[in-house]
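With the first letter of the sequence shown counted as 1, position 111 gets the number 926 in the numbering used here; the numbers rise by one all the way through.
Worth flagging that the hints you see were computed from the coordinates, not collected in a lab.
Any given hint might turn out to be false.
Said to hold, decoys possible - Straight-line distance between alpha carbons at most 20 Å, and here's what the computed DMTMM-like set of lysine to aspartate or glutamate pairs gives:
hint : residue 1 : residue 2
1    : Lys865    : Glu882
2    : Lys941    : Asp908
3    : Lys869    : Glu882
4    : Lys825    : Asp908
5    : Lys941    : Asp892
Stated by the list, open to error - Here are the in silico distance ranges between beta carbons for each label pair:
hint : residue 1 : residue 2 : range
6    : Lys865    : Pro979    : 39 to 49 Å
7    : Ile873    : Ile820    : 19 to 29 Å
8    : Arg920    : Asn967    : 22 to 32 Å
9    : Arg852    : Arg980    : 44 to 54 Å
10   : Arg852    : Ile820    : 14 to 24 Å
11   : Ile873    : Val851    : 37 to 47 Å
12   : Val851    : Arg920    : 44 to 54 Å
13   : Gly896    : Lys865    : 20 to 30 Å
14   : Asp923    : Lys869    : 20 to 30 Å
15   : Tyr849    : Asn957    : 34 to 44 Å
16   : Ile884    : Asn951    : 16 to 26 Å
17   : Gly895    : Phe862    : 18 to 28 Å
18   : Ile866    : Arg980    : 36 to 46 Å
Where a beta carbon is used, it is the ideal one built from N, C-alpha and C, also for glycine.
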Amino acid sequence: MFENIRNDYKAHNRDLGAQGFWALTVYRFGRWRYGVRPAPLRKLLSFIYKILFKLTQIVTGIELPCEAIVGRNFTIDHFGGIVISGYARFGDDCRIRNGVTVGLRRIDDKRAPYIGNNVDIGAGAKLIGAITIGDNVVVGANAVVLRDVPANCVAVGVPAIVKPRGARTATAPPP
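Can you build the whole structure from these sequences, using the hints too?
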């Protein structure tokens with residue numbers, strides 16, 4: 816737990832005031848408490864986690880339950896309006912911004928997105944359902960991703976259109 820918190824601290828530019836860091840610290844504590852023995856102590860820590868989770872959710876606007884799986888160096892750039900399903904999985908070196916939702920397509924379908932390593936998710940993006948986002952992907956701001964995105968691609972638009980990274984469009988001006 817402490818090594819992950821140190822890495823999260825570095826990923827948030829060593830800023831103790833970063834609300835994304837607060838949410839990740841509570842998340843790491845929540846994951847850590849699962850391994851605590853004996854059971855009465857674990858139950859006490861679970862009660863403390865639930866209070867911290869709700870307080871962090873109210874103060875930061877970030878809902879990151881400890882049931883989700885988050886890799887190393889996860890960065891929450893801007894706080895507010897972030898909702899992550901407990902069924903979601905993130906790889907290492909991922910970055911998300913405000914207004915992002917990573918969740919279920921339907922309540923009765925308990926499959927949420929799997930996000931690979933080094934994924935950058937823009938503000939307001941929605942990743943919904945049992946989809947896989949490959950490594951080194953950029954999800955544009957306000958994109959709605961409902962289908963798999965292969966590695967080294969960009970997903971933009973509503974619904975998201977997938978393009979290879981670095982591909983130029985016909986309307987893009989030359990650099």
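Hint check:
1. Between Lys865 and Glu882, the direct Cα distance comes to roughly 12 Å. Compliance with the 20 Å bound is thereby established for this hinted pair.
2. For the proposed pair Lys941 and Asp908, the alpha carbon gap of about 19 Å is at most 20 Å, so the pair holds.
3. At roughly 15 Å between alpha-carbon atoms, Lys869 and Glu882 fall within 20 Å of each other, so this suggested pair holds.
4. Annotation: proposed proximity of Lys825 to Asp908 holds, straight-line Cα distance about 12 Å (limit 20 Å).
5. At roughly 16 Å between alpha-carbon atoms, Lys941 and Asp892 fall within 20 Å of each other, so this suggested pair holds.
6. Evaluation of the 39 to 49 Å hint for Lys865 and Pro979 yields a pass: the beta carbon distance comes to about 44 Å.
7. A hinted range of 19 to 29 Å for the beta carbons of Ile873 and Ile820 is consistent with their spacing of about 21 Å.
8. Distance hint check: the CB atoms of Arg920 and Asn967 are about 25 Å apart, consistent with the given range 22 to 32 Å.
9. About 46 Å separates the C-beta atoms of Arg852 and Arg980, a value consistent with the hinted range of 44 to 54 Å.
10. The beta-carbon spacing between Arg852 and Ile820, approximately 21 Å, falls within the hinted interval of 14 to 24 Å.
11. Distance hint for Ile873 and Val851: a CB-CB separation of about 25 Å, inconsistent with the stated range 37 to 47 Å.
12. Separated by about 34 Å at the C-beta atoms, Val851 and Arg920 break the suggested range of 44 to 54 Å.
13. Range check, Gly896 to Lys865: about 22 Å between beta-carbon atoms, so the 20 to 30 Å window is met.
14. Range check, Asp923 to Lys869: about 26 Å between beta-carbon atoms, so the 20 to 30 Å window is met.
15. A hinted range of 34 to 44 Å for the beta carbons of Tyr849 and Asn957 is consistent with their spacing of about 35 Å.
16. Checked against the hint of 16 to 26 Å, the C-beta distance between Ile884 and Asn951 comes to roughly 19 Å, which is consistent with it.
17. Between Gly895 and Phe862, the C-beta spacing of about 27 Å keeps the proposed range 18 to 28 Å intact.
18. Between Ile866 and Arg980 the C-beta distance comes to about 42 Å, which sits within the given range of 36 to 46 Å.
When held up to the earlier numbered hints, the structure conflicts with 11 and 12 and fits the remainder.
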